[in-house]
Amino acid sequence: MNEKHSDKEFATRAVWSGTQNIEGAAVTPIFNTATYQLTDERYAGWAAGAQHTALYSRLSSINSEGVAMKVAQLEGAEDGEVFASGMSAISTTLMSLLSRGDHMVASADCYGGSYGLMTEDLPRFGIEVTMADMRDPASYEAAIQENTKILYVETITNPVIKVCDLEAMASLAKKHDLICIVDNTFATPWACNPIDYGFDLVIHSGTKYLGGHSDLI
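Throughout the sequence shown, residue numbering follows this note's numbering, covering -17 to 199 in sequence.
The set of hints was computed from the structure by calculation and includes no laboratory data. Certain hints may be false.
[What the hints assert, rightly or not] Computed cross-link-like contacts, DSS-like style, restricted to lysine-lysine with a CA-CA straight-line distance of at most 30 Å: (1) Lys157 <-> Lys131; (2) Lys144 <-> Lys131; (3) Lys131 <-> Lys156; (4) Lys190 <-> Lys131; (5) Lys190 <-> Lys(-10); (6) Lys190 <-> Lys144; (7) Lys144 <-> Lys156; (8) Lys157 <-> Lys144.
Values in this document were obtained by computation on a predicted structure and should not be read as measured data.
With the sequences and hints as input, model every part of the structure.
Structure (structure tokens):
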């Protein structure tokens, strides 16, 4: 994570985190490019495994890096990644962590797109999902199996506004050595930082409160 503004107050991080001083620009310019010149310095960074080396915009770009760093600092995370949509982030995360024969437990009241992914799409790949009441950690624990890999919740469910006990759910995940993932879209980093409670991964859909105008996707 870019540490430049990590010790600042929330408002300062919201404005300045992720900005990159390029040719003296006060804010990061928008780069309309698909590819970047592979200079010796850039190649050396890529060869050394640098995660944010801008080579090809589908993989990483200066602008997407800026957004990722900003949200990561607002959440207190080590790093971040930007996707085309919230559902892209959720599906990519789950498909990268789960394999055929694995199992996860998720909220029965989660966002409709997430619910469809978990109940219709993931089972087609041999991934089992049990839906439980996230307001009752005991129901989650009862659903855990030997092949369970992930506990998935929403800080505040979309759209029925049920609130999760994040501390209890994170503790449950640690107790069973599971990955705990939370969709923090409705709470936003301003109101809640799930990483402080022990969550491993935090996901946002920028279409809602991060964007603020229902026009960001």
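Results of checking the hints against the structure:
1. Lys157 <-> Lys131: Given that 30 Å is the threshold and the Cα spacing comes to 12 Å, the pair holds.
2. Lys144 <-> Lys131: With Cα atoms ~24 Å apart, Lys144 and Lys131 stay inside 30 Å; holds.
3. Lys131 <-> Lys156: 11 Å, holds
4. Lys190 <-> Lys131: 28 Å, holds
5. Lys190 <-> Lys(-10): 25 Å, holds
6. Lys190 <-> Lys144: 17 Å, holds
7. Lys144 <-> Lys156: 23 Å, holds
8. Lys157 <-> Lys144: The given pair, whose Cα atoms are some 24 Å apart, holds under the 30 Å limit.
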